[in-house]
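Work out the full structure: start from the sequences and follow the hints.
In the order they appear, the protein sequences are chains Z, H and V.
Under the numbering used here, the residues of the first sequence are numbered -14 to 147, in order.
Under the numbering used here, the residues of the second sequence are numbered 35 to 407, in order.
Under the numbering used here, the residues of the third sequence are numbered 3 to 353, in order.
By construction, these hints were calculated from the structure, which means they are not laboratory data.
None of the values given here were measured: they were computed from a predicted structure.
We put the beta carbon where it would ideally sit given N, CA and C, even for glycine.
Hints are supplied without guarantee of correctness; some may be wrong.
[Said to hold, decoys possible] Derived DSSO-like pairs: lysine-lysine, alpha-carbon spacing no greater than 27 Å straight-line:
#1 Z:K(-9) - H:K286
#2 H:K207 - H:K307
#3 Z:K80 - Z:K63
#4 V:K156 - V:K100
#5 Z:K106 - H:K201
#6 V:K156 - V:K96
#7 Z:K80 - H:K331
#8 Z:K106 - H:K362
#9 Z:K63 - Z:K130
#10 H:K201 - Z:K55
#11 Z:K55 - H:K86
#12 Z:K38 - H:K331
#13 H:K362 - H:K86
#14 H:K201 - Z:K24
#15 H:K206 - Z:K26
#16 V:K53 - Z:K24
[As the list claims (entries may be wrong)] Short derived list, chain H residues pointing at chain V, Cβ under 10 Å:
#17 M44
#18 E68
#19 A71
#20 I158
#21 S160
#22 N229
#23 K234
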Amino acid sequence: MLTYFKNLGLGVVTVLNSMRVAWRHLFTPSVTLQYPTVKWKMPERSRMRLFNKIDDCIGCSACARACPTKCITIQSEKRGKDEPEIYASDGTVIKLRTVVYDIDMTLCCYCALCTFPCPTKCLVMTGEYEYAVYDKNDHIYHFAKDKPMTVKAPKEQSTEKA
Amino acid sequence: MEADYSGDIMTINMGPQHPSTHGVLRLELKTDGEIVAEAIPHIGYLHRCFEKHVENVDYPGVIPYTDRMDYCAAMNMELGYVLTVEKLMGIRVNNRVRCIRIIMAELDRIASHLIAAGTYGNDIGSFTPFLWCFRDRETILDLFEETCGARLLYNYNWIGGLMFDFKPGFEKKVVEFIDYFEPQVDNLNRILSDNFIFVKRTATVGIMSPQLAINYGVTGPNLRGSGVKFDVRKDEPYLGYQDIDFEVAVGKGEHGPIGSCWDRYMVRIREVKESCKIIRQAVAQLTPGDVQESIPKRVKPPAGEVYMRTECPRGELGYYIVSDGGLKPYRLKVKSPCFTVMSVFQEVSRGSMIADVVAILGSFDIVLGEIDR
Amino acid sequence: MESIAQLLRLMPKYDTLPGLTQAIISVLLSCIVIFALLALAVLFLVWMERKVSAHIQDRLGPMYVGGWHGWAQTLADALKLLLKEDIVPAATDKLLFKMAPFIVFLGAFAAFVVVPFGASSFVTDLNIGVLYIVAVGSLSVIGIIMAGWASNNKYSLYGGMRAAAQIISYEIPSAIAIMTVIIPVGSLSMVDIVNAQKGGFQHWFLFRNPFIFLAFIVYFVASLAEVNRTPFDIPEAESELVAGYHTEYSGMRFAFFFLAEYANMFLVASVATTLFLGGWTQVLPSSIAHQFIPGPILFFLKALLLIFIQMWLRWSLPRLRVDQLMYLSWKVLLPISLVLVLGVGLLTVYW
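Here it is, written out as structure tokens:
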């Protein structure tokens, strides 16, 4: 009999306590960020979209070897001895011509393991996160600008002869 | 949802798509009216062949995969793996790495327990604590994002060190957060843990006796909720936890029999407060140093096998690695604490009502990523 | 309503119609006016619920639709529901399936004809007003059972049965709590009850009698269960196993259930205002000031206060289990309300 009234009292008291806490929260400022109009400033170490400054890339494939999901595809060929020497922006000589440098962002797991072994630090993770696309193939980023010379050379010979 | 009628026992399916946020778990309930005769869990909907997959990835590349097992407490998953490989290779890290690892692991423990408390309240019907817990969790994730760039899957603990050092002034932010956060736990208690309705719904259901828990190999807050004082951080200390002063929270059965859902839930809330204590001490013990000095150039452990266990927020996490001396693990096996808890779920939920099955499942705090791997 | 009757008399040839037709036309027009105002009120209440819940949870709620704090959000949602495909599952009992939302809706809206919003702002003054409200309010139970049965879904049936059991069990303490107010007044008419509370807050039944104060609390709690609000929202619980009686409904049919819930909330708050808080009469004692806020607006504000408390309870408390719900109704609220009736009766006779 006594527990009946004790439970009743306890119920009322704890319910009122919960209500008091909820009341106080009516007046605390809300933490919502109204997204499309207000955007959060990404911290400098953010790991979002990958970007490769291809002019600095020396084609060593260290990033492709480090990637756990194998999302980076690199094909490079040796630059000929007669071609002029080119340098990356920190002075390293570029010995390989990067013909194919594809990053498939749908495979990327955003671990940044590829950015650490890069000798010239040309591969970085930027803070850009709004890159949704309609076609899955648009997520494969092609960074390489060079064309393969070994394939072009025979064609040039044939045009000379003709 | 299908219902077959054969005699007295009706089979109801609580399908893989759940309104509660535990993951893809299928519960086959054999009910007799309102009472559950059997609750058989069916798992495997999130199996991603983790253990086979990592045999093709080199040791540092396994760390992103370990993140994705228990995505709510990724720092602890990485920590377990990294400590196992360091034990195999005999690497010793300096004090700064040790303290930072402790701070990150305990912050992630707080974040994980906040999810547990919030979603449990959501299951029971109280929608507000869910959002308050996530608001506090967002601050923790912001701290992580500043340090390593990611909010949920960090790849921060590396073999022999860490990915980045703290930014200058970070320790102050951590202590500020802990100062702000400890009173919020009392708020949470007022709206949820001490609420009469919540207590009545959880303190008399899901009773798991200590003997049953030990027989099934349950660990972590689920075991401590039944009154057994076992914590890997105290009984087999790693990372120098023996130099840190904290208490092991144990369920005492204040509102009902020991080992009820309320006890398990309350152990998590008390652990959050203990984690705050640990973080303060770890920040005080921080010394300057280089966090990347012990990272080997190439991770090539000697041939052999090793087993290492750590205390993740859901229990005792164990990693067993067999190495053949190469660059990739020969075999990696994970002992997942949630997997053992699912095996005891059937015993504990026998005889309860259908509405209590949800309460019991929520009190075990499972993450399907860890169960299925 | 007198103002509508006056307006109608201005129409040409109105006086030539027989008296019965005149009565029917004026009552119909009043009903339409009240219905329109109610629909607006319900739309406002849905928006208010979203805002109150958002601010309790440290978020913002609707902000975008319509400009200032998303006031047009409910309109947009109602439009969206109107445009949805009308799915009637093949194996259901078609007639019952289609009728169920309307009956639930009817149960909520039909009771408003006797609620006095102002001194002369009511459709009719039935001399059994309170009894009418209690009776019509139980119509919605039939609608719920129809919805649960006609959906041809074991879970909807289960949910419908639970909802029906819950509503029926809680009608008893709520009706007995209402009785405690009727004893001092001596009449079942709503208008008489409000007139007995004229003159300021000291005449309100809430403050006249400690038993009636407790009866107000009993009525409030019981009415929460009538409306299926948390902590009594087992029939609507999403994270429970049972899906509820309105799972098979989509589009406008679902909107009817939804609107009926909010209309029911408003009804219960209006009845509580009329019986316990003095209805449209003034708050300040008549010795200090005359009534300067018009009756209907004051009535609406009082009902809004009670609705706000209902919403506040929803977002602070967890859900009761079915057997605990039944325990609360039969073993706690019913004995307490019987004791209160006894107390009020004794107090009225001997004091």
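Status of the hints after comparison with the structure:
no. : hint             : in the structure
1   : Z:K(-9) - H:K286 : holds, 21 Å
2   : H:K207 - H:K307  : holds, 18 Å
3   : Z:K80 - Z:K63    : holds, 6 Å
4   : V:K156 - V:K100  : holds, 18 Å
5   : Z:K106 - H:K201  : holds, 20 Å
6   : V:K156 - V:K96   : holds, 17 Å
7   : Z:K80 - H:K331   : holds, 24 Å
8   : Z:K106 - H:K362  : holds, 26 Å
9   : Z:K63 - Z:K130   : holds, 15 Å
10  : H:K201 - Z:K55   : violated, 31 Å
11  : Z:K55 - H:K86    : holds, 16 Å
12  : Z:K38 - H:K331   : holds, 25 Å
13  : H:K362 - H:K86   : holds, 12 Å
14  : H:K201 - Z:K24   : holds, 23 Å
15  : H:K206 - Z:K26   : holds, 21 Å
16  : V:K53 - Z:K24    : holds, 23 Å
17  : M44              : holds, 9 Å
18  : E68              : holds, 8 Å
19  : A71              : violated, 15 Å
20  : I158             : holds, 4 Å
21  : S160             : holds, 4 Å
22  : N229             : holds, 6 Å
23  : K234             : holds, 6 Å
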